[in-house]
Amino acid sequence: MAFVVAVAQRKGGAGKSTVAANLAVALAESGARTALLDTDPQASLTRWHSLRPASARGLDFSSPSGWRVPQAVTRLREGHDFVVLDTPPHADTDSRVAMRSADLVLIPLQPSMPDLWAMEATLEVAAAERRAVALMLNRVPAQGKAAQEVAQALRDRKLPLLDAAFGNRTAFAAAFAEGLGAAESAPRSQAATEARALAQAVLRESR
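Using this note's numbering, you'd call the opening residue of the sequence shown number 362 and step up by one each time.
Keep in mind that a hint or two might mislead.
Stated by the list, open to error - Cut-off 30 Å, straight-line C-alpha distance, at most; resulting in silico cross-link-like pairs (DSS-like, lysine-lysine):
no. : residue 1 : residue 2
1   : LYS506    : LYS519
2   : LYS372    : LYS506
3   : LYS372    : LYS519
No lab work stands behind these hints, which were simulated from the structure alone.
Please construct the entire structure, taking both the sequences and the accompanying hints into account.
Structure, rendered in structure tokens:
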């Protein structure tokens with residue numbers, strides 16, 4: 362029976378699609394049977410998947426919306442170890458339905474106050490749906506104290522921040538433009554290491 366992860370954040374531009382794609386690829390690389398669902402009307406993952414080369418690691422992929430999401434998740438729970446959902450960037454009905462279908466809501470946020478504020482709506486929906494949450498920092502700059510300050514603010518609130526974080530690396534964008542995860546396009550890069558660390562963190566959450 363699959364463990365379902367909904368990657369969710371109210372604020373657009375938080376990097377949800379990049380996180381979802383890299384998480385799914387890294388989970389598949391670890392040997393987990395993985396499915397990836399694009400429930401975001403922006404369809405970034407659908408475009409990404411259309412670019413995947415035939416030689417890329419196989420991922421079951423679909424792009425359901427609205428009331429079709431729970432049906433798709435139920436169907437994919439059998440025969441998979443993980444199902445990863447990319448959700449709409451708003452606290453609307455479709456986002457709520459996607460989170461309701463998940464075992465874990467993974468909330469990526471950039472180390473900035475606007476992302477921290479936008480996170481509140483996602484936390485409220487997850488709480489209303491009684492879903493476990495985990496937070497991760499994304500696009501962390503190489504310099505500056507913003508990431509440390511945001512991480513400390515989350516810890517002060519006793520929110521579950523994962524140790525795994527994504528740096529602000531061109532390798533993620535380059536891989537995404539080719540329909541790949543960083544672990545595929547640059548397997549020895551720091552981006553690939555970070556993607557694999559996120560997969561391991563999610564594996565621990567699933568136990």
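30 Å Cα cutoff - pair LYS506, LYS519: Answer holds: LYS506 to LYS519 is near 20 Å, not above 30 Å.
Hinted pair LYS372 and LYS519, Cα distance within 30 Å: Between LYS372 and LYS519 the Cα gap is close to 22 Å, so the pair holds against 30 Å.
30 Å limit on alpha-carbon distance, applied to hinted pair LYS372 and LYS506: Status holds; Cα separation ~22 Å.
Violated hints are absent here; each numbered hint is respected by the structure.
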